[in-house]
Structure formats: structure tokens, C-alpha cells
Amino acid sequence: MSEGIVGTPLDYGLIVGYFVVILGFGALFARFTKSTKDFFFGGQRFSWWLIAFSCIATTVGSYSFYKYSAKAFSYGFSSSMTYLNDWFWMPLWMFSWLPIIFFMRITSIPEYFEKRFDTPARVAATVILLVYMVGYIGINLLTLGKALHHLLGWPVFGAAAVVAVITGVYVMAGGQTSVIMTDLLQGILLLIAGFALLFLGFSALGEGEGLLAGASRFWEVLPPGHKLPLAGFNRPADFNSVGIFWQDCFGNGVAFYFMNQGLIMRFLSARSVRDGRKAAVVILLVLMPLAAIAVSNAGWIGRALVATGMLSAPEDLDRIFVAVADILCRPGVFGLILAALTAALMSTADTLINAVSAVAINDVYRPYLKPNMPDRHYLKASRWVAIGAAALGLLLVPVFDSFKTIYEAHGTFTGAVTPPMAVALLLGVFWKRFTPKAALWTMIGGSLAVGASFFLPELITPFAHGTPMFAESDTVRASFKAYFYIRALYAVVISAAIGITVSFFTKKKPGDQIRGLTWDSVRDAMRRFKGGEPNQKEGKTVRARLVVAGEGELVQVDAAAMERMKADPGDLVHVRDRRWWYGGLKSTHARLGEPTTAAGTCRVPAELADLGSLSKSKEVAVEKII
Amino acid sequence: MAWLSFWYQYLVGGLIFFIGLWVVFRQGEAGLKTRRQRRHLVLLLGGFFVIFGLQLALMLLGSGGG
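Chains A and B supply the protein sequences, listed in that same order. For the first sequence, counting from 1, position 232 maps to 232 in the numbering used here; every step adds exactly one. In short: position in the second sequence from 1, add 626, done, that's the numbering used here.
FYI, nobody ran anything at the bench for these hints, they're computed from the structure. Here the structure is a predicted model, which is why all the values come from computation and not from measurement. Some hints here could point you the wrong way.
Stated by the list, open to error - Here are the simulated DSS-like pairs of lysine-lysine, each with C-alpha atoms no more than 27 Å apart in a straight line:
hint: 1; chain 1: B; residue 1: K659; chain 2: A; residue 2: K530
hint: 2; chain 1: B; residue 1: K659; chain 2: A; residue 2: K537
hint: 3; chain 1: A; residue 1: K566; chain 2: B; residue 2: K659
Next comes chain B alone, as it looks inside the complex:
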């Protein structure tokens, strides 16, 4: 059940996030062409994976019983 909580949050939340990222791409604010676009892309994806990694680490530590 604990992993269901985790994957549900990142599937539904991830959907919101990646729709948002698509919007930012369409605006030309993120992408791979210019330094500014790459910086925004790294910032957004980096933020996502920092939170994801933090919660994943706690899931693994917690599931292992510490």
C-alpha cells in the first residue's frame, strides 16, 4: 500500500508536471537550443527529481525497516 501511495502521487502529479513542461516548451521558455532554455529545463526537471529522489530514498529506507 505504501508503494501505491508513492506511484499514485508521481503518476498523477507527474502528469500535471509534464503537461506544464510541455506548455513551457511551447512558450519557448524551455528547450535545448539556447542557454536560457536549457537552464530552465534543468531547473524544472532538477526540482522534480530532487523531490522525487528525496521521497524515493525515504521509501526505500522506510520499507527496509531502517
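Excised from the complex, chain A in its bound form:
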């Protein structure tokens, strides 16, 4: 394959059109953003399916198509293993962490550290989180810069700058609502493009005999070891299952689901905990396996094409995705694939930019720099911080570009930054004895221990499970490149040891001050959220004709509807336009008043209807939340 420009003007026209559509989409949904709650959390109103699809676009990073295709080409189906090891965390995540942050109205992860521990712990968490997220933005911008460099010959930094501006602008305009809506579009596009490539590959391998014949030939020519779902236990150094288990499942998995501010905000924009759980189930059991196929199959198909002599293996494996797409796609389809690649980047970067904005405003600006200002002020500041975050990420592009590969930059960075905070968070949620001082020292001591391991990699050897210290292909054996994956296990063990030890010698926070913040006090969190005893009787969602009238905060439905919902006056309900495809965009939370005598109606005060963009709706669905 040539190193020059690939694709046709039609393909590039499609990409430009795609950018325009995304900007338009962002602007369209900006009008639904009326407060910082809307900007960061989309008003906590969205349906599970919107959350699920937008999350998948966030999960599939820009590097995914490149990185996983390369691994899939070299190692086969085991490239999918990082997409299938998150369910282990789901009991703890779905039934402890999600209800805690939702019902305690935790707007940022550092805020949890303040409530559960103290201010020093919050400051440490804020620093780690901001470093992690801004760095992540930089890595994402670098990836697309490199991708556009491969495709168009643009300079890496220039291409990254174009994407930074576009992403920053639509996040600035519409916040979380724009992010969710554009990510919905991008998530669907990602999956369609990934599977289009798979079917085109089968078609090419079938050589005119159809898809089934192609799939059969694909299976036949794939080397036996490539059909296994997991890599070798501790070999090779750059792709072994024990290392990846600890680095991805324990390190990245916890970081992603428990402390990735972007993902947390996405789940907090769900209309209820139940919808958040539904979204998680669909993501992990349906969309992640599909995404694994979508991002990896270029490598699998590429291997089969090489085995059948239809493709020569590229020297640089990072180019396998483009090489396979270029050989399989007709003009136009190639453009679609490139747009998917772009979508993968922007959807990850936009979430991170919005998340940095949330942490900067809620954890630094609002409490310490400009307290007690009107919400309008913070909304405006949030928008400028979003632009600033994109700019800061852009400044880091040259730093990450100095690493040998994106994968190395990404792994080295996240492996070093996330484990100490992840351990502090888990111990905070699941061990009441864990003290504020212990949390602080877990983060500081854990980070120092990780830092030390870059200079003395022998520290990691006892945890290495026999994995080699360096990859065979590593010609420059610098100590910071040692034990690429298994460093996460070392970091987890050292951080946990520090946390547990310090806890036994320091004073724990009184039980009444951490109520609602630990796994065994979720019901207290629900009580606080509602301002009364939670009603968990299972009822139905009812439909009613909308009547916008009066003032106040209470909505009313008739007695029969209340009976069907198993709801009482004072319960919290979600009122939404009954047309499902709005996904909760036109909706609001409210408290239920005494039943109305007007049968079949739902009476909503004018201000509330306006807040939920419901004024023009005719019929609404009313669901009891708690």
C-alpha cells in the first residue's frame, strides 16, 4: 500500500459533510441547555437507549480502530478480550456505586472524595482526575492527527487542531445534551461502518460465491491460535492475558466505570437509576461485543486476505485498518469508514472535554474561586473551560507524539495515573473503616510507588506472573518501558496496602457523616434524594393528556393513574413526552401532588413544563421514580 493519500474526493466530501452535520447537531440541541445541570448532566432525563448508544461511542476511542485492528491482525480474536471483561464489576457498580452517585447528587468524583473523606482528599483527587482527563484528550487528539496524517498527509498537530476546534465548539454550545445526541449518531455510525467492513471482507473472500462462502473461507484460513478469545497467559510481553487482565479489567475497568468523570456524567444524565442499569446491561452484553467486532475485524479480515494472497502485510501494523478499508471499499464507502474513525475520536474527546469542564467548575471554580454566583455565570464559565480543555489537550499532543506508538503513550499514561485513585475510591465505597488520611495517603503513596517503578522496574517483578520485563522487539530497553501491563497489579497492591495500613492507625469518619456514601447505606441516599421514605413498590408507567396550568412544583394525575403507578403524593416522578424517540429530551422530574379529579390528564405547572421543553407536547408518559 502506498504511503500517499488514499480515498477519493467523494470520500473526503463525505467527511466534510459529516463534520457539518455534527456541528449542526450540536447547535440544534444547544437550545435544550438552560442551566449547569443541563450542561453537565443533560437535566437527568434521558432514556436508557440514548445513554447506551452514546456510551458506546465514548467507549470506542479514536485509537480503537487502529489499535485493535493491529492486535487483531497479529493475534486474532483475543484482540476482543478487553471488551469482554467488565461484567465482573457490574454487581458492585450497578447496585452500589451508581445509586450512591445518583441519589447523593454527586456532580463530580472529587466531590465524592470531599463528602466521603475531607478537603485534602478532594484536592488530591481533583489533581489526579484533571491530569488524567486532559492527558486523555491530548492522546485522542494525537490519534486523529496521526490518522489524518496517514490519510491526507496533513501535519499531525494541524489535523489535531482542526478536530479540537470542532469538538470544543459543539461542547461549548450544547454541553452534555449535545454530547449525548452527537454521540448517539456517532455510536450508530461506528457500528454500521465496522460491520460494513466485515461483510465487505467476507464478500471479497467469497470471491463471488456469497457471504457464507466468504465467512467459511475466513474461518478456514485463519491460523488456529487466532481463533482463541484470550491471549497466551504470560507471553508475549506486549500481549499477554494476565497482564491485560490486571491492566484493563482491574486498572482501566475500575477507572472507566467508577472514576471516569465523562462516563459517570453520562450515567447521571439517565432519568433514573433503573434506566442507568438498563443502559449498562445493553452496553456490556450487546454493544460491547458488537463494538469489539467492529473495531477488530479489519485485522481479522486483513490476516485472512494476507493468507489468501489478496493483500500484502503492511510493515507498520498501525496501518492495517486503512490498508484493509482501502482495498475493500468502493469510493463513498471508504468515506463512511473514515467518518466512523473520526466519530470514534470526537465522541471520546467531547465527553472528556465536558468532563474536564465539570470538574474545573464544580471542584475548583465554584467552591474556591467564585462562590455564590448565579447559575448563569457558572454556565458561561463552563463553556469557556470546555474550549480551554480542548486547547490544553492540544498543547499535550507534541508531548505524547514523542512516544514510539499511541498505544505506548496511552498505556504508560493511564497505567501510571489511575490505579491509586481507583483503589482509594473502591475502599471508600466498600470499607467504612477506610479513613480520610488513608485515602489521601493511598493516592499520594500509590502515585509515588508507581513513579518509583519507572526507575526501578524490579519492584514489579514479584507481581509479574512470569511476564518478561521487556518485549523482544524492544531495541531500546529503557526502564520506563518495563512491565507494560502488569504495573497495574503492582500499583493496586501497593496502594491497597498503604490504604489499609494507614486506616488502622488513623481515625475514621463518624458513621452519620458518611451515610449514603457507602454500599450499605444506599437506602439513606435514596431517602435524602427524595426527602422522605422511598417508595419502591413496582408500578406501571401511565399515559395522560398534558394540561399546562398553574404554578408551583407539584404535578397531578388522577387517582386511577396513581394506583397503576403504585404512587403516593410526595413521590418523585418523571414526566416525558410520550413519543419514545425523544428519549427523554422533552421531560422533567417533579413531585407528585394530590390526585386531580380531571380523569386522564396530567397537570404540570407552566414553569416546570417550560423547563422540560414540554409546553408543546400533547400527551405525556408519567413514571414513578422513587
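Starting from the known structure of chain A, fit chain B onto it as the hints suggest.
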């Protein structure tokens, strides 16, 4: 070595999962008494065995050489 990877993942990962399941039982969110508890139990165990079954099937197919 391939099966070692598989069993290691499901022994260590399974430990995390079943500790989590125990926590959910202690919270009263999963169990056998009410419909809600049973639904949560089936959901969590079902998810675990879907992923387990998928990877086990690929292990068997892959080990057999296809």
C-alpha cells in the same frame, strides 16, 4: 497455556463478581424472596454466564482447530 488464561480470568474475575453479588444480597437488592430480587439475581448471573459462555464456546472452537 490458553486454558490457563481462561481459568485465571474467570477465577480472579469470578471472585470479584461473586463478592459483588454477596454485597448485592446483603443490600437486599438480589435474592429469592421478591420478584424484584429474583429479577436482579437472574440479570447479574445471566450476564456473567453470557460472557462466560461466549468465551468458552470460542475456546472450544479455537482449541479444536476449527
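Quick rundown of the hints versus the structure:
Distance restraint check for K659/B and K530/A: the Cα-Cα separation of roughly 26 Å lies within the 27 Å cut-off, and the hinted pair is therefore satisfied. Distance hint between K659/B and K537/A is fulfilled; the C-alpha atoms sit about 14 Å from each other, no more than 27 Å. A C-alpha spacing of about 20 Å is found between K566/A and K659/B, which places the hinted pair at or below 27 Å, so the restraint holds.
Checked against the numbered hints listed earlier, the structure breaks none of them; every hint is satisfied.
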